[in-house]
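Participant: Residue numbers (my numbering), protein chains in the order written: chain A, 1 to 111; chain B, 1 to 124; chain C, 1 to 146.
Just so you know, not all the hints are guaranteed correct.
[To be verified] In silico lysine-lysine, BS3-like type, Cα no more than 25 Å apart, as pairs: (1) C:33 / B:51; (2) A:13 / A:83; (3) A:72 / B:51; (4) C:27 / B:87.
[Stated by the list, open to error] Computed far set for chain C versus chain A, every beta-carbon distance over 10 Å: (5) 6; (6) 8; (7) 13; (8) 32; (9) 33; (10) 72; (11) 93; (12) 102; (13) 120.
Simulated from the structure, these hints should not be mistaken for lab results. For glycine and all other residues, C-beta sits at the position ideal for the given N, C-alpha and C.
The lines below spell out each chain.
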Amino acid sequence: MTLADVVQRLELKVLSGSELLEREVTGGYTGDLLSDVMANADTGQVWITLQAHINIVAVGVLRELTGIILIKDRTPDEATLTKAKQENVPILQSDRPAFEISGLLFNLLNE
Amino acid sequence: MIKSNSESGTSLRHVVKILNAEVLTGEEPLDQTVQHVECTDLMSQVLAFIKSGNLLLTGLTNIQVVNTADISGLIGVVFVRGRSPSKEVIAKAKEVGLPLFLTSYSMYEAAGHLYLNGLPGSTE
Amino acid sequence: MHYPRHEFPIKEMDFVRAGEASLQVKKILREMKAENDLVRRATIACYEAEINAVVYGRDGVMSLEVDDEGIYIYVEDKGDGIPDIEQAMMEGFSTATEEIREMGFGAGMGLPNIMKNADEFTISSAVGEGTRLKIIFRSGWTTEEA
């Protein structure tokens, strides 16, 4: 399944990386601690989090994540979005909480 | 696929079964109904937004998770990815009567299984 | 009717003991048969204040006073103080270190959450001298003996 499919099915807003949505999504990882995601997320996963500060971009790059979904309408600042564009990390946004987005994505990928 | 639990709700016992979880705080009557499920590692988030009667899934295992859950009136805490808290944390939870669970699923997978079984997220 | 005053010390960076003062307050309010919602609001506010004192305050003290009109919680610390209180009250503003964030705190939500839960909240701080919080709860407070 591509990131574009996920965006469409989960009704996500694309904040950065609209040209990168053909990327394949292999799974999801939910968490708000950067160290945890750095240690445990896998390549190709989409990261679901409340964290919107600039360090999430570095985590996305280093762990080769397919994209990052910010929940509960968390909005990153301009610097974060600029960096995300430079580093080719798609940042997506939803008004739903982490439990629901995780549940919906899990459901979608296991259909 | 998605079962409705709207009539009777889902009990903690059922959650344990869905997550293949270990009950860390010993034998408890796990009959209470889970109001909503919340996923976060930020205790600030729990303290500011989460309502009493909710079940928390978290990757954090320090003693402040138990204090936060107790103070917020949560119904229980599920530790994910098989990361067990220390004996002191479990003892504290027993003292305040907070059920603790351990699952080998990640937060994402645990949420996925609970969601598929019809557990509700917060409606806020 | 006379109510005793309680004082609880708060130790700098003691994350194992952090929360003990707030749990004592919870216990005392429960014993006084305060209603659940009030206990929850008061304890959440105490706990947020206590965590702040542990993180930023060097040593501090939390005190609890009660009378027929309400519940009064004071949290004083000997930390560096807050240069700009208005900024500190903004949701999301934080000077927390990565270590604190990895503990699940430091998201810049503590002070706004105290304000949200309290009926009255005042904060005074001077750089180099520390910070003092006064948190008052009145709604829902009834004394059994009254």
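Participant: Quickly compare the C-alpha distance for residue 33 of chain C and residue 51 of chain B to 25 Å and report which way the hint goes.
Facilitator: holds (21 Å)
Participant: Verify the proposed pairing of residue 13 of chain A with residue 83 of chain A, using a straight-line Cα cut of 25 Å.
Facilitator: Measuring from Cα to Cα gives roughly 18 Å; hence the hint holds.
Participant: Closest CB-CB distance from residue 120 of chain C to chain A, is it above 10 Å?
Facilitator: It holds; residue 120 of chain C is separated from chain A by about 29 Å at its closest Cβ, greater than 10 Å.
Participant: Verify that the Cβ of residue 32 of chain C lies farther than 10 Å from every Cβ atom of chain A, and report whether the claim holds or is violated.
Facilitator: holds (35 Å)
Participant: Just want to verify: residue 6 of chain C was marked as not at the interface with chain A; is every Cβ pair farther apart than 10 Å?
Facilitator: About 35 Å separates residue 6 of chain C from the closest Cβ of chain A, which puts it past 10 Å; holds.
Participant: Mind verifying the non-interface call on residue 33 of chain C? Its CB should be farther than 10 Å from each CB in chain A.
Facilitator: holds (35 Å)
Participant: Against chain A, does residue 93 of chain C keep a CB gap of more than 10 Å to every residue?
Facilitator: holds (12 Å)
Participant: When you check the alpha-carbon spacing of residue 27 of chain C and residue 87 of chain B, does it fall within 25 Å?
Facilitator: holds (23 Å)
Participant: Checking a non-interface call: every C-beta of chain A should be farther than 10 Å from the C-beta of residue 13 of chain C. Is that right?
Facilitator: Residue 13 of chain C is indeed farther than 10 Å from all Cβ atoms of chain A, at 19 Å.
Participant: Since residue 102 of chain C was said not to touch the interface, does its Cβ keep a gap of more than 10 Å from each Cβ of chain A?
Facilitator: violated (6 Å)
Participant: Are residue 72 of chain A and residue 51 of chain B close enough, with their CA atoms no more than 25 Å apart?
Facilitator: Distance ~16 Å between residue 72 of chain A and residue 51 of chain B Cα, so the pair holds.
Participant: If we take the beta carbon of residue 72 of chain C, is the closest beta carbon in chain A still more than 10 Å away?
Facilitator: Residue 72 of chain C clear of chain A: closest Cβ-Cβ about 34 Å, beyond 10 Å.
Hint 12 from the earlier list is the only one contradicted by this structure; the remaining hints agree with it.
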